[in-house]
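Visitor: From first to last, the protein sequence lines stand for chains A and H.
When we follow the numbering used here, the leftmost residue of the first sequence carries the number 1, and every step to the right adds one.
When we follow the numbering used here, the leftmost residue of the second sequence carries the number 1, and every step to the right adds one.
Keep in mind the hints are simulated off the structure, nothing from the lab.
As the structure is a computational prediction, the values presented were derived from the model and not from experiment.
Careful: at least some of the hints might be erroneous.
Stated by the list, open to error - SDA-like mimics (lysine to any residue), calculated; alpha carbons at most 25 Å apart, straight line:
id, chain 1, residue 1, chain 2, residue 2
1, H, K478, H, A463
2, H, K249, A, Y74
3, H, K256, A, G28
4, H, K187, H, T155
5, A, K150, H, E136
6, A, K150, A, Y74
7, H, K461, A, T23
8, A, K150, H, E85
9, H, K249, A, T23
10, H, K478, H, R466
11, H, K320, A, N61
12, H, K256, H, I9
13, H, K394, H, M527
14, H, K252, A, A22
15, H, K338, H, V10
16, H, K461, A, P31
17, A, K26, H, D191
18, H, K531, H, C462
19, H, K19, H, E136
20, H, K365, H, T377
21, H, K256, H, T246
22, A, K157, H, P390
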Amino acid sequence: MLITNRKIAPPDSDKRWKIVEATMRKQGYSPTALIETLHTIQESFGYISDEALEFASDSLNVPPSKAYGVATFYNLFNMIPLGEHVFSLCTGTACYVKGAGEVLEFMKTEYGLEPGQTTPDNKLSFVEARCVGCCGLAPVMLLDGTVVGKLTPDQMKQRIQEWMSHDQ
Amino acid sequence: MTNEELLEIVNKEAEDNAKFRYRLGVCNVTGCIASRSNELVAGLQAEVKSRGLENEIQIKKVGCMGLCAAGPIISVEPEGIFYREMTPEEAGAVIDSLGKEPLHEKIIDTANEPFFARQEKNALENSGVIDPERIEDYIASGGYSTLIHAITEMTSTDVIQEVLTSGLRGRGGAGYPTGLKWGTVAKVDSDLKYVVCNADEGDPGAFMDRSALESDPHRVLEGMAIAAFAVGASQGYLYIRAEYPTAIKRMKAAIKQAEKFGLLGQDICNTPFSFKVDVRLGAGAFVCGEETALINSIEGNRGMPSLRPPYPAESGLFEKPTLVNNVETFANIAGIIKKGGKSFAKTGTAKSKGTKVFALTGKIKNTGLIEVPMGITLREIVYDIGGGIPNGRKFKAIQTGGPSGGCIPAEHLDTPVDYESLKALGSMMGSGGMIVIDDTSNMIDMAHYFMEFSMQESCGKCAPCRVGTVQLYNLLGKFQQGEATEEDLVTLEELCDVVRNTSLCGLGQAAPNPIISTMRYFRSEYMEKIKPSAPLAKEESR
Chain A
1 MLITNRKIAP PDSDKRWKIV EATMRKQGYS PTALIETLHT IQESFGYISD EALEFASDSL
61 NVPPSKAYGV ATFYNLFNMI PLGEHVFSLC TGTACYVKGA GEVLEFMKTE YGLEPGQTTP
121 DNKLSFVEAR CVGCCGLAPV MLLDGTVVGK LTPDQMKQRI QEWMSHDQ
Chain H
1 MTNEELLEIV NKEAEDNAKF RYRLGVCNVT GCIASRSNEL VAGLQAEVKS RGLENEIQIK
61 KVGCMGLCAA GPIISVEPEG IFYREMTPEE AGAVIDSLGK EPLHEKIIDT ANEPFFARQE
121 KNALENSGVI DPERIEDYIA SGGYSTLIHA ITEMTSTDVI QEVLTSGLRG RGGAGYPTGL
181 KWGTVAKVDS DLKYVVCNAD EGDPGAFMDR SALESDPHRV LEGMAIAAFA VGASQGYLYI
241 RAEYPTAIKR MKAAIKQAEK FGLLGQDICN TPFSFKVDVR LGAGAFVCGE ETALINSIEG
301 NRGMPSLRPP YPAESGLFEK PTLVNNVETF ANIAGIIKKG GKSFAKTGTA KSKGTKVFAL
361 TGKIKNTGLI EVPMGITLRE IVYDIGGGIP NGRKFKAIQT GGPSGGCIPA EHLDTPVDYE
421 SLKALGSMMG SGGMIVIDDT SNMIDMAHYF MEFSMQESCG KCAPCRVGTV QLYNLLGKFQ
481 QGEATEEDLV TLEELCDVVR NTSLCGLGQA APNPIISTMR YFRSEYMEKI KPSAPLAKEE
541 SR
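Could you put the whole structure together from the sequences, leaning on the hints where they help?
Guide: Structure below.
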């Protein structure tokens with residue numbers, strides 16, 4: 001394997017690249033650190049931009065095709081930025097059985113959002129969460145990462161409207 | 001850390017705890033945190049402080065007490081009282097009630113409530129009792145003494161023999177005998193071996209592993225370390241879902257504490273045994289629960305499964321012999337070594353020993369986490385422990401094994417829960433998700449839901465799964481719309497057979513199970529959706 005010690009310069013002077021570099025350095029810039037690096041990029045920047053992916057792939061000596069393949073293989077990595085607020089709906093089995101589908105419909109009719117979409121004003125993103133493991137409280141939703149459970153679908157709709165109106 | 005030093009900690013903890021007259025335990029894992037458990041803890045602490053009772057009442061964050069439906073729960077010691085659905089506003093009332101009249105309307109009658117009375121704890125022994133963020137508390141409850149005993153007084157063969165005797169089988173779902181797996185890895189000669197803990201609990205509707213990791217993280221680490229000693233591994237990885245932030249935080253903290261105490265790291269307990277554990281985060285791919293896919297993911301690749309053999313036991317992570325076990329399997333180890341394999345094997349059925357943790361959810365009164373002896377019937381789980389179906393609805397089916405499992409109807413409720421019986425019914429043990437479905441749900445919709453999941457999660461490596469799941473999904477759609485023909489039913493059955501028999505890994509092989517089991521038990525629902533074939537209409541149109 002060809003390992004060069006050339007240091008790849010980050011795309012710009014943004015301080016957050018230092019965090020990304022620290023993750024890679026900790027693992028000796030090994031190609032196996034790719035997923036860890038992608039996690040750090042997403043934590044620091046909120047999503048994985050093309051330039052970030054290129055930076056990781058160059059630094060870790062991973063072909064860009066592979067880096068792109070890995071980044072798009074996993075559901076958790078966003079390749080586009082999310083809106084200001086993120087609404088996640090758990091779509092696990094327990095939540096499905098207890099009526100999460102109604103809330104899915106509601107997001108479509110009320111905000112015009114399908115899972116994975118963001119409102120044009122960039123205020124709200126709607127994502128489908130993979131089971132968050134709070135099935136005992138199903139159906140479950142996450143309002144900006146805070147788990148909200150033990151509500152009926154109707155109560156959930158009301159809660160979403162309240163949550164959205166806070167910001168206006 | 002030696003045994004003497006461990007005992008010192010145990011004694012000091014006992015001394016510290018003896019000072020308090022009352023101890024309040026508050027459930028503090030993800031589910032209850034969502035129900036304001038953190039505010040409740042803060043509220044209790046403030047009330048204690050305002051009354052100047054800091055030296056008499058201890059407020060302790062503990063792990064999962066099981067009954068999520070009634071969370072957050074507060075336990076009061078020494079009285080042994082459990083309060084349900086506590087809010088921060090009630091903090092003062094709880095403190096005032098200590099030593100006086102308890103809050104009757106909030107009490108859970110644990111002695112008579114079958115949810116608590118019918119359970120038997122092994123893996124969850126400390127869950128809801130100890131503070132998961134303090135290693136001292138784990139040590140005080142006997143933690144890490146088994147690891148020290150194993151590495152100083154047992155040989156690796158002894159340890160493996162004990163696990164074999166216990167009859168423990170993999171709790172991730174496949175049910176391979178754990179002792180045999182360990183024996184295989186131990187036999188392979190290699191300079192470097194790995195122990196991997198599979199905490200990629202991707203099955204939607206299951207949260208046993210999350211709860212175990214959040215409630216008793218050191219127990220899993222101790223199990224991993226004992227396994228490493230038995231198979232001769234020096235490096236461990238904990239592969240955990242990124243969707244479980246609290247579990248990740250607690251595991252990382254636990255690893256740091258254990259390293260600080262010399263219970264992980266170089267020359268543990270002054271023996272030549274060294275073992276280090278690193279955390280690796282999953283990134284949302286269900287297929288990574290499959291061991292070869294998980295290994296690929298730790299190596300920084302797409303989580304795609306590889307053909308076996310070679311099995312990971314011979315050539316796994318970085319092509320080295322690798323032991324992969326599930327969280328719950330590791331959580332059972334310390335208990336087995338401590339009490340002996342024979343004692344563990346006393347519980348259960350002929351082929352399925354010990355206890356199993358299940359996540360009981362869906363249309364059932366007592367949703368939550370339970371640990372029950374193998375061999376208990378589904379009826380006991382649903383009607384005794386689970387408290388039956390709420391809102392006056394009727395039981396229709398219980399779904400076990402997640403997207404790889406099946407739906408079991410009412411006529412089979414008296415089946416004992418063990419690996420073979422569930423398989424014979426066309427479902428599987430799986431990792432332990434149990435979702436109760438009532439008569440408001442349509443079984444084709446259920447099958448459609450699971451097929452959509454398997455279709456999205458198919459990694460794309462082999463055609464039967466990549467293409468087959470899409471076709472199955474579309475066919476089910478036709479049934480949902482009432483557009484299906486007799487021919488579609490035949491195609492559906494044939495295709496299930498092809499996908500099951502020709503897919504590369506467990507995901508594809510098991511993906512048709514939800515269809516096969518619903519067709520087996522609820523065939524009429526499929527038949528109703530078939531468009532009446534209209535030979536007459538054809539005649540007329542000619």
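Visitor: Run every hint past the structure and note whether it holds.
Guide: Evaluated hints:
1. Using a Cα cut-off of 25 Å, the hinted pair K478 (chain H) and A463 (chain H) holds, with the two alpha carbons roughly 22 Å apart.
2. Distance restraint check for K249 (chain H) and Y74 (chain A): the Cα-Cα separation of roughly 21 Å lies within the 25 Å cut-off, and the hinted pair is therefore satisfied.
3. A threshold of 25 Å between alpha carbons decides the hint, and for K256 (chain H) with G28 (chain A) the separation of about 21 Å falls inside it, so the pair holds.
4. Distance restraint check for K187 (chain H) and T155 (chain H): the Cα-Cα separation of roughly 14 Å lies within the 25 Å cut-off, and the hinted pair is therefore satisfied.
5. Distance hint between K150 (chain A) and E136 (chain H) is unfulfilled; the C-alpha atoms sit about 34 Å from each other, more than 25 Å.
6. For the given pair, K150 (chain A) sits about 29 Å from Y74 (chain A) by alpha-carbon distance, which is inconsistent with the 25 Å threshold.
7. At most 25 Å may separate the alpha-carbon atoms for a hinted pair to count; K461 (chain H) and T23 (chain A) exceed this at roughly 30 Å.
8. For the suggested pair K150 (chain A) and E85 (chain H), the alpha carbons sit about 12 Å apart, so the restraint of at most 25 Å is met.
9. Distance restraint check for K249 (chain H) and T23 (chain A): the Cα-Cα separation of roughly 17 Å lies within the 25 Å cut-off, and the hinted pair is therefore satisfied.
10. In summary, the hint linking K478 (chain H) to R466 (chain H) is supported, as the alpha carbons are separated by about 19 Å, within the 25 Å threshold.
11. For the suggested pair K320 (chain H) and N61 (chain A), the alpha carbons sit about 23 Å apart, so the restraint of at most 25 Å is met.
12. Between K256 (chain H) and I9 (chain H) the alpha-carbon distance is near 17 Å, which keeps this suggested pair within the 25 Å criterion.
13. For the hint linking K394 (chain H) to M527 (chain H), the alpha-carbon distance of about 22 Å falls within 25 Å, and the restraint holds.
14. Proposed proximity of K252 (chain H) and A22 (chain A) is supported: the alpha carbons are some 18 Å apart, at most 25 Å.
15. Using a Cα cut-off of 25 Å, the hinted pair K338 (chain H) and V10 (chain H) holds, with the two alpha carbons roughly 17 Å apart.
16. Annotation: proposed proximity of K461 (chain H) to P31 (chain A) holds, straight-line Cα distance about 22 Å (limit 25 Å).
17. Proposed proximity of K26 (chain A) and D191 (chain H) is supported: the alpha carbons are some 24 Å apart, at most 25 Å.
18. The straight-line distance between the Cα atoms of K531 (chain H) and C462 (chain H) is roughly 33 Å, outside the 25 Å bound, and the hint therefore fails.
19. Between K19 (chain H) and E136 (chain H) the alpha-carbon distance is near 16 Å, which keeps this suggested pair within the 25 Å criterion.
20. Of the supplied pair hints, the one linking K365 (chain H) and T377 (chain H) holds, its CA atoms being roughly 18 Å apart against a limit of 25 Å.
21. About 16 Å separates the Cα atoms of K256 (chain H) and T246 (chain H), which keeps this hinted pair within 25 Å; it holds.
22. Of the supplied pair hints, the one linking K157 (chain A) and P390 (chain H) holds, its CA atoms being roughly 23 Å apart against a limit of 25 Å.
This entry does not satisfy hints 5, 6, 7, 18, going by the numbered hints stated previously.
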